[in-house]
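Enquirer: Under the working numbering, the first residue of the sequence shown is numbered 26, with each subsequent residue one higher.
Check the hints yourself; a few may be wrong.
Claimed, not checked - So the derived label-pair ranges between C-beta atoms look like this:
#, residue 1, residue 2, range
1, 251, 391, 51 to 57 Å
2, 329, 408, 48 to 54 Å
3, 215, 268, 48 to 54 Å
4, 132, 219, 30 to 36 Å
Note that these hints are calculated values from the structure, not bench results.
Please read these numbers as outputs of a predicted model, since none were measured by experiment.
Every residue, glycine too, gets a C-beta built ideally from N, C-alpha and C.
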Amino acid sequence: MNKTIRRASAFCLLMVLALLVRATWVQGYEAKALADNEHNRRNTIAQYAHPLGDIIVAGSPVTGSKGTSGGDLRYKRTYTQGELYAAVTGYSSQAYGATQLEGIYSSVLDGTDDRLKNPADLITGRQAVPGNVLTTIDPGVQKAAYEALGGDKGAAVAIGPKTGRILGMVSTPSYDPSEISGTGDGDAWRKLLDDKDKPLVNRALRQPLAPGSTFKLVVAAAALENGLYGSVDEATDSPDPYTLPGTRTILRNENASAPCENATLRTALQYSCNNVFAKAAADLGQDKVKEMADAFGFDTEKLDVPVRASKSVYPTGMDKAQTALTGIGQFEVTATPLQMAMVTAALANGGELAAPHMVSSVTDGDGSALEKTEDGDTKRVVDEKTAEQLRSAMVTVVEEGTGTNARIAGAEVGGKTGTAQNGVDNSNTPYAWFTSYAKDDSSGKEVAVAVIVEDSGSARSEVSGNGLAAPIAQKMMKAALER
């Protein structure tokens, strides 16, 4: 054999060996990664080869599946009252993927989760019977929130203070996930993406905005916990008008005739006195206010319910004037409705914050639990006495102050209004906030809620927490107490 043939043969042998090594590597080491790759069409075909499992509300499915005609995807997702529950379920789309509960539990709902499979299924790779996701949502609370928000742009959240169960979560404007669940829904998808009101954004969890005066509850808690004031009925050292430290800027109150000079925390909450809480924040300093905010859940990087909520922020690196502005929920303070509902829920629960969650269990096709979320996983946020005093002051807000539209006959209701500035120099329509709790001593039922109305179409002069957000909260609380 001549030299040229030997070299060619050796080179070919090396090429064959390289191909064998590569094939072994791909089949043995990279097989799972390739199988799980989002661009692998076989995964989508397998996902929609059978009816999906369901997301359950109060024992009834709010999702379903129906057969398709043509194509290689045999079933697609359907939704019962899709717009009502979109903020809970998210969507499962053959073309655009899955979000929220649909996305988090996609392997359970399509039957590919290994926990659903018996040993034979694991060996053969056969798809198991899909499982279901059971939520904590109360349909009465959900419906009350959705109908009360109506055509407004906003969001609402209701939580059981002792359990942490999310009883209602609504974001408006909403959308029907059924309209984007197939492969030929491009027009509907583009319409949603182009909508200036962003219906695909879950405002209850994923859009933190300035909380305005609802944040005064956090500052009041910090003032009591740090001994700045001994009780909600002790006079504060609060000049009116109040000049922001180190500046000539005067911070005025919305109601110029309100008795805000040196007002007690109770009176300051009742009339929403800016001077009292701005000065309290400046006197406490940003570190103490941040410590209190963080105890309530601000600045939590991974707040999963199980859908991950955006971080609510209490800023750092401020001067005293900026710190004072945070005392009224402005400057760079941001919060989601979930976060403000958590603040009120902790106060309603004697100062203990129960971990919020909207899934009670995940089951296999036979109803056996694959995972369960325990109620009442709590942490101490403030002393019980502090919580009791603030609840008392919040009741004053509803009975005699700025939150009268939240009253419920026969129930204890406490709340706090907020009107947050929006845009440079408050150039845009302000946000209307309301956060509150309600207790029915005769039945033992209770609930904490937070509502934001970003835009109701109302004139600027008509925007207020009591006028726009409190009536929505009232309807949600009433539904929760009657369930």
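Enquirer: Against this structure, judge whether each hint is valid.
Expert: Verification of the supplied hints:
Judged by the Cβ atoms, the range 51 to 57 Å given for residue 251 and residue 391 holds: they are separated by roughly 53 Å. Look at residue 329 against residue 408: about 28 Å separates their beta carbons, and that is not inside 48 to 54 Å. The hinted range of 48 to 54 Å is satisfied by residue 215 and residue 268, whose Cβ atoms lie roughly 52 Å apart. A hinted range of 30 to 36 Å holds for the C-beta pair residue 132 and residue 219, which are about 32 Å apart.
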